[in-house]
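Chemist: Heads up: the protein sequence lines correspond to chains A and B, in order.
Under numbering that gives the first Met the number 0, the first residue of the first sequence is numbered 0, with each subsequent residue one higher.
Under numbering that gives the first Met the number 0, the first residue of the second sequence is numbered 0, with each subsequent residue one higher.
Just so you know, the hints here were simulated from the structure itself, not pulled from any lab data.
C-beta atoms are modelled at their ideal positions from N, C-alpha and C, and glycine is treated no differently.
There's no promise every hint is true.
Said to hold, decoys possible - Result set (DSBU-like, lysine-lysine): computed pairs, CA atoms no more than 35 Å apart in a straight line:
1) B:Lys331 <-> A:Lys254
2) A:Lys165 <-> B:Lys331
3) B:Lys191 <-> A:Lys165
4) A:Lys155 <-> B:Lys196
5) B:Lys196 <-> A:Lys109
6) B:Lys195 <-> A:Lys109
7) B:Lys273 <-> A:Lys165
8) B:Lys321 <-> A:Lys258
9) B:Lys321 <-> A:Lys165
10) A:Lys165 <-> B:Lys196
11) B:Lys96 <-> A:Lys14
12) A:Lys242 <-> B:Lys331
13) A:Lys155 <-> B:Lys191
14) B:Lys273 <-> A:Lys242
15) B:Lys273 <-> A:Lys155
16) A:Lys254 <-> B:Lys273
17) A:Lys154 <-> B:Lys96
18) B:Lys328 <-> A:Lys254
19) A:Lys109 <-> B:Lys96
20) B:Lys195 <-> A:Lys258
21) A:Lys258 <-> B:Lys328
22) B:Lys195 <-> A:Lys155
23) B:Lys99 <-> A:Lys51
24) A:Lys242 <-> B:Lys195
25) B:Lys12 <-> A:Lys165
Stated by the list, open to error - Here are the in silico distance ranges between beta carbons for each label pair:
26) B:Gly44 <-> A:Arg57: 54 to 60 Å
27) B:Gln216 <-> A:Glu236: 20 to 26 Å
28) B:Glu97 <-> A:Phe190: 51 to 57 Å
29) A:Arg241 <-> B:Lys328: 24 to 30 Å
30) A:Glu243 <-> B:Gly24: 50 to 56 Å
31) B:Lys328 <-> A:Lys242: 53 to 59 Å
32) B:Asp132 <-> A:Leu264: 24 to 30 Å
33) A:Lys242 <-> B:Gln216: 26 to 32 Å
34) B:Asn177 <-> A:Pro55: 54 to 60 Å
35) B:Ala6 <-> A:Asp53: 47 to 53 Å
Here's the letter readout for the chains.
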Amino acid sequence: MSDLEIVVCMKVVPKSEEIRVDKESLLLERTGVRSEINPPDMNALEMALLLKDDQPARISILSMGPPFFEPILRVGLAMGAERFFLMSDREFAGADTLATTYTLAQGIEKIGDIDLIFCGEESADGATGQVPPGLAEWLDTPQVTLATELTVDRKKRIARVRREIKGGHEIQEVDLPAVISVKTASNEPRFIDYHRKPWAFEEAKVVIWGHDDVDVEDGYIGLRGSPTVVSGLREAEVRERRKEFLRGSPEEVAKEIAKRLQGILT
Amino acid sequence: MVASLYAPSEANKALWVFLEIEGDGFASVSVELLSKGRDLADRAGWTLCGLLLGSDISDRANQAFQYGADEVWLLDHPLLAQFDVCGYSHATMQAIKEGKPSVFLLGATANGRDLAGRLAVRLRTGLNADCTDLILDEDRAVLISEVTGFGGGVIALLESAEHCPQMSTVRPGVFIANDPDPSRQGDLVEMKVNLKKAEIRSRIVARHVGEGVDLTQAPVLICGGRGIDGDFESLRELAALVDGEVGATRPPVDEGHIDRERQVGQTGIVCRPKVALNFGISGAFHFIVGIQDAETIIAINTDPEAPIFNHADYCIVENAHKILPALIKTLKTERE
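Bound-form chain A, shown alone (with noise of 0.2 Å):
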């Protein structure tokens, strides 16, 4: 049995405590904001290490996005992944999910022979939880998505899988190859392994694919291969209140309180 091959699909976004738009532009303001890796994207890489605990696997991690990512990202070969691969090109710039899962499904067939995927639930930024579906469907391989835990029976060639879902859980078996989103926060991504710094931050020699070093065609990547279009943006509105402050010691104002629950709810 060969090892596993597992590639963990992340992204950079903007730190969400630092998030400010521009009152003008109604953009995001660059300037300043520090970046992170997308939390969802750790708990995806942490469950792709720890089946690696268990078992002979190979993790890659694959990213879209412009070149500030590399040294960022450079934390997951810390953590215990062995490659990095990076699709930079302007002319994937401004790809929404049809054309992002496109080029990352194309990158995934570059990188060949893969088992599984793993990504995040949802991006911090964009916040669709589309790309798993997404890839998924590309790739033309099962999904489970909301995962907190998985088992691989490599023999069988099938996943065994935890799902969220509303109300309790559910234990999936998929085929693979299967592409599989991780439920934010169902592990604790581990710290980087001291070992492997010097190699992961210097030596680690990171694979950046621009447009022609893929086989992709034109008019599905980039803002091209983007139908969704973004036709305005407002502030929201905020509604007006009240504001009124109720005065008084704890037991005063509980009777205060309790006074306008009843004549909310009856």
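Got chain A sorted already, so can you dock chain B onto it with the hints?
Modeler: Positioned in the frame of chain A, the structure of chain B alone reads:
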């Protein structure tokens, strides 16, 4: 430019809603979408269709008619008894190719998102995820979807006018469900499903569903944030007294004090209660998104400058740990 499987010029002026089966009926968001869809279809003079997939479920078509569907497209097959995204995608595709709707809406539930994400790629069309409002521009036959972005402070309007169907998943709880009209009837379109066992590529081997909680339907919401230091026991006691449900901001969820299914806000659940009581919550915008449609908002926080007070009808500057026991005691006394 990538072209969708069928062009907008070939599409029928129909709005399709994926009907997600839950218990004896539909997921609440499916009913919400039928209600909103009815309204959009009436204004534009379009047809509203429910897409019903499952095994032995034809009796549910009537429910969909009562909630506003003009037509129900029924795909009844033993292999559709359980939701398998590959099987459901295959069957849905068959119906879409036949019906060629202009718009296709799904609830942004776990299964709704799974299905939508796959189908949008198969159809080579655009997909707007987790929308909070829908507008139908009838002159252009274009669906405009509203999404909140960047932590909730900005609303973006999205459209994919050149591709069909125009697809959106809609966040549960943003539209109000109409009451069913028992006298309402519609047309049942039964489709013969061509589905082979080999197309089903996942198997559900076990399922555990406990007391499912649906915060979107709770009339009273009791929320706790960092300032209650994990004391959700008191919040539950209070909730029991007022027939409410307990929700939380993200930090207590991350710290494991309460289940993630009770997280309220941008990345959690958007609620529409009669009243939301907020204990020890500062009021970051991504939380406010989850309660801003409450009829009344009450907030308790030690910091008089806390942003939550800008979004509250009644503001109490006090430690939540002091108000909680007093309020519980008052309500208990009233009950006696």
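Chemist: Looking back at the numbered hints, which does the structure fail to meet, lowest number first?
Modeler: Result: hints 11, 15, 17, 20, 23, 24, 30 and 31 break, sorted rising.
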